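The sequence shown maps to residues 239 to 416 in our numbering.
Calculated from the structure, these hints are not laboratory results. Just so it is clear, the structure is predicted and the values come from calculations on it, not from any experiment. Treat the hints with care, since some could be wrong.
Simulated crosslink set (DSS-like; lysine-lysine; CA at most 25 angstroms straight-line) [unchecked claim]:
#1 Lys264 to Lys314
#2 Lys264 to Lys240
#3 Lys264 to Lys342
#4 Lys361 to Lys298
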Amino acid sequence: MKIQLGPTDIFFPVPAALVVTGSMEKPNIITVAWIGMMASSPPVIAVSLKNSRYSLELIKSTKQFSVNIPSAEQFKETDYCGLVSGRDRDKFSDTNFTPIAGQKINTPIIEQCPFNLECRVIKEEIELGQWMVIFGEVVETHIDEAKIDLPSKDIDIATVNPLVYLLPFVNIGSLTRK
Numbered sequence: 239m240k241i242q243l244g245p246t247d248i249f250f251p252v253p254a255a256l257v258v259t260g261s262m263e264k265p266n267i268i269t270v271a272w273i274g275m276m277a278s279s280p281p282v283i284a285v286s287l288k289n290s291r292y293s294l295e296l297i298k299s300t301k302q303f304s305v306n307i308p309s310a311e312q313f314k315e316t317d318y319c320g321l322v323s324g325r326d327r328d329k330f331s332d333t334n335f336t337p338i339a340g341q342k343i344n345t346p347i348i349e350q351c352p353f354n355l356e357c358r359v360i361k362e363e364i365e366l367g368q369w370m371v372i373f374g375e376v377v378e379t380h381i382d383e384a385k386i387d388l389p390s391k392d393i394d395i396a397t398v399n400p401l402v403y404l405l406p407f408v409n410i411g412s413l414t415r416k
């Protein structure tokens, strides 16, 4: 028998992504859980940010951003980037993350994250209540060399060990890592 929960935002797991906005001279990082691939040809990702976020202002002004997937070991830095505003703090300095120049966009990627996407905004944003959805075409993908089998380009997800977001009330006690 199924139990109905009514409308919820439960959808799991989703990557806990570090979205970088701004420029090499003044980059900012925000932690995002409301993110996902929308298309594969061309590859398009959607990111949902609250209307009040500083990072949204930067994306609107530059029309670009990078998506950086942290490893599970980077949970403290990822949590920090979601709790502190880039209006007030330099999150790269605070977390010891290193911004490195993107190849196709002027916004940096995070060197310490094992997987990175460079994105250009391609559509007008969609407002959903107090949230804004931004669509970005993936124009370049980066992965740490040790985490991919060449020439097959098969990613070893176990070595990427991506940090995922689960709502606080989801019981994961019965899940085991294989």
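Quiz item: Any hints this thing doesn't respect? Which numbers, in order?
Solution: 2
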